[in-house]
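Q: Here is what each chain is made of, one letter per residue.
There are 2 protein chains.
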Amino acid sequence: MIRTPTSRAEAQELDRTDALAPKTEGFNLPEGITYLVGHSLGPPPATAQTRLLEAQADWATGLVRSWNSAGWIDLAERTGERLAALIGAPAGDVIVTDNVSVNLFKLAAAALPHARRYALFVEEDEFPTDQYIAAGLGGLSGAEVRLLPPGGSFDALTAGGVLIKSAVNYRSSEVADMAAHEREAQRHGALIVWDLSHATGVLDLHLASDGARLAAGCTYKYLNGGPGAPAFVYAAQEIAAKLVTPLPGWMGHNAPFAFDSQYTPRGGATRFASGTPPILSLAAFSGALDVFEGVALPDLQSKARALGAIAIARAQGMGLAVLSPIEDAARGGHVSVRIAEGYPVVQALAARGVLADFRAPDTVRFGFSPLFLRYAQVWDALDVLDEILTSRSWDAPEFHARAKVT
Amino acid sequence: MIRTPTSRAEAQELDRTDALAPKTEGFNLPEGITYLVGHSLGPPPATAQTRLLEAQADWATGLVRSWNSAGWIDLAERTGERLAALIGAPAGDVIVTDNVSVNLFKLAAAALPHARRYALFVEEDEFPTDQYIAAGLGGLSGAEVRLLPPGGSFDALTAGGVLIKSAVNYRSSEVADMAAHEREAQRHGALIVWDLSHATGVLDLHLASDGARLAAGCTYKYLNGGPGAPAFVYAAQEIAAKLVTPLPGWMGHNAPFAFDSQYTPRGGATRFASGTPPILSLAAFSGALDVFEGVALPDLQSKARALGAIAIARAQGMGLAVLSPIEDAARGGHVSVRIAEGYPVVQALAARGVLADFRAPDTVRFGFSPLFLRYAQVWDALDVLDEILTSRSWDAPEFHARAKVT
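So the protein sequences, as listed, match chains A and B.
With the numbering used here, the residue at position 73 of the first sequence is 73, and numbering never jumps.
Each number in the numbering used here corresponds to the 1-based position in the second sequence with 1000 added.
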């Protein structure tokens, strides 16, 4: 564990010994920006930009032949193989496909017949879309849908249904105990579909050894895959072969160019591919993964939590209520604090080059992507927050104007 | 109707008076390529490349702020509004989202409760994925799934279920009579989900006036949106408001940033948006639509059919069996001919710069995108086919080697 610095000098000292420090050079962030929104949309690694331009050139010159000559046809699969290493999964258990909503739907639908009870469970403070998807799937399939109180999912596993559960809560940043959940699920014939959106690329995940069987996640947050980059599905080999996807697209077919009327799924997680993936977006994400080459996941996690600990200590020093777990081991890559006037405060921070985000009614989230942030930079960003709060400079009319997306 | 040229000189004369001829300058096709695969993957219009680079720059400099500042948040909706004009639909009835498979699933699922019979119908010679999706949805929802004999869909409408039907058959290029189908469907309480993949961007479509209520389609064929570019959903205003999507993602929510636990769908077709769209791919497609500005759909259709008529007349002259309708009005933008040794013939054509595609066991498809092809160019391509067949130059070992994608 990295000791939380208590001064800028100590933060600088951590930068000097940071194994991940060279990775910051892989990003071309604009001058003067401290980007604490990597939990929302990661910035482009230079390699993502390079691969995107290559894909564009392949489209222009190779044209339809690029499905073969540029390897588009199995790009989703090859990218999934590389991503697998970042979640502690065997290479064949991950496929890049669709968006998180669609993937949660496919996995939960495929899981229902294999759970002891034909029912869907989701906590009330889960990411709203996860709740909507459970409701949508319940309406179509006839499965019972039960909303659980916040934190109630562990107890609900005894009922033996299908639980949709975030590995890291989008709001609080609280980490779920994956291994304990899976043990309890196994015991009671329940299945869990993990939402890894706020966990992948920042935590030291061990899906296989934690016994996780099903998961989906997005790639545009800590993985820096680009806006709306295609999401992924994880399905453990031992269960994948039994699963029937409700969305059998041609990319999940065992012989997509045979044009059979009968659907024969591919062997493992790849059966959850559906239609043609968006190659340009996928190429950018594939390039973004280059930045993770040689990165040890424990280093990633330690740095993210150490950066978060700076924010927590400084926020507490300003008298702010911290909504995220204080204990490092219980926390993901972002830290949420309560600021009653959070919206204008976030605008005032942005005007000073510090980007954070606001979630109504009063939550400000700071994301600590460990590959492009430096310790001293985070220290300085908290200085800016302190100044803005002390001077009440956020209370200027320009910081209250609302945009479509906050 | 354009008279079919009987000589290269007559073809050149058609080029001189072609209203769409200036559009060819909007594409940067490689020298020496005659691209007859626009029905599979359209080439990039220069405007698509420009918009893709802009989106990349917005990602790099605007970062997460680009959801507002670069208009990403409603890009799918604005792009859908522009696309609507190309299918004869009101602007608000189209949303760009997901892929065709997912969209057919969403629409058919939403349609089921509103059809007289809880059943799905699809013809056996439909695009295989459309059949898979019907089967997948049937398995999940309990709806009866019935495969129809080729051409049997019109008669099946009397049964009052949900029919998934291509406007243009992917293999034969046969055009369905949309208005007649819809009249029959209305009469019997049936609903039709049209697959417009091989129709959009090449035919003079009139979804609204033909009474079409539901449709999906891809954007990477005649629309030149890029490999795997996001697909679209059309839902007519009068029915859209009654429909419940089984995949209620946050982009289809009426107030996506309220983070409500309850799902409140948006007003019309936009409710069929699901998760975050792949912005880079979407931006390229959005740029590709610029090429269609000022294009009259009847001109598009007439030229595509005139080019197809050249291919049909020439192929018949070579003694080849034409698998597509001979009558222009019954045919889409591509022409299929039977060539027993189709695979090596297509390879031999490619070696001479003429790109076509092969569908096992013996179908060669030629696509006639009217925006970048010239009449004389198509005439010359058929000369090349004639030479290859006459000389049997296709029977060289290098033309028999198989690639992953044929």
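What the hints contain is simulated information worked out from the structure, not anything from laboratory work.
From a predicted model like this one, the values you see are computed outputs, not experimental measurements.
A couple of the hints might just be wrong.
To be verified - Over 12 angstroms on every C-beta distance to chain B, these chain A residues come out as not near it, computed from the model:
id, residue
1, G151
2, E182
3, E184
4, D260
5, L323
As the list claims (entries may be wrong) - Rough simulated footprint, nothing fancy, chain B against chain A, three-plus residues with beta-carbon under 8 angstroms:
id, stretch
6, 235-247
7, 272-286
8, 299-309
All residues carry an ideal CB built from backbone N, CA and C; glycine is no exception.
Q: Each hint needs a verdict: does it hold in this structure or not?
A: Okay, the hints, checked on the actual structure:
{"no.": "1", "hint": "G151", "verdict": "16 angstroms, holds"}
{"no.": "2", "hint": "E182", "verdict": "25 angstroms, holds"}
{"no.": "3", "hint": "E184", "verdict": "25 angstroms, holds"}
{"no.": "4", "hint": "D260", "verdict": "6 angstroms, violated"}
{"no.": "5", "hint": "L323", "verdict": "14 angstroms, holds"}
{"no.": "6", "hint": "235-247", "verdict": "holds (count 4)"}
{"no.": "7", "hint": "272-286", "verdict": "holds (count 10)"}
{"no.": "8", "hint": "299-309", "verdict": "violated (count 0)"}
This entry does not satisfy hints 4, 8, going by the numbered hints stated previously.
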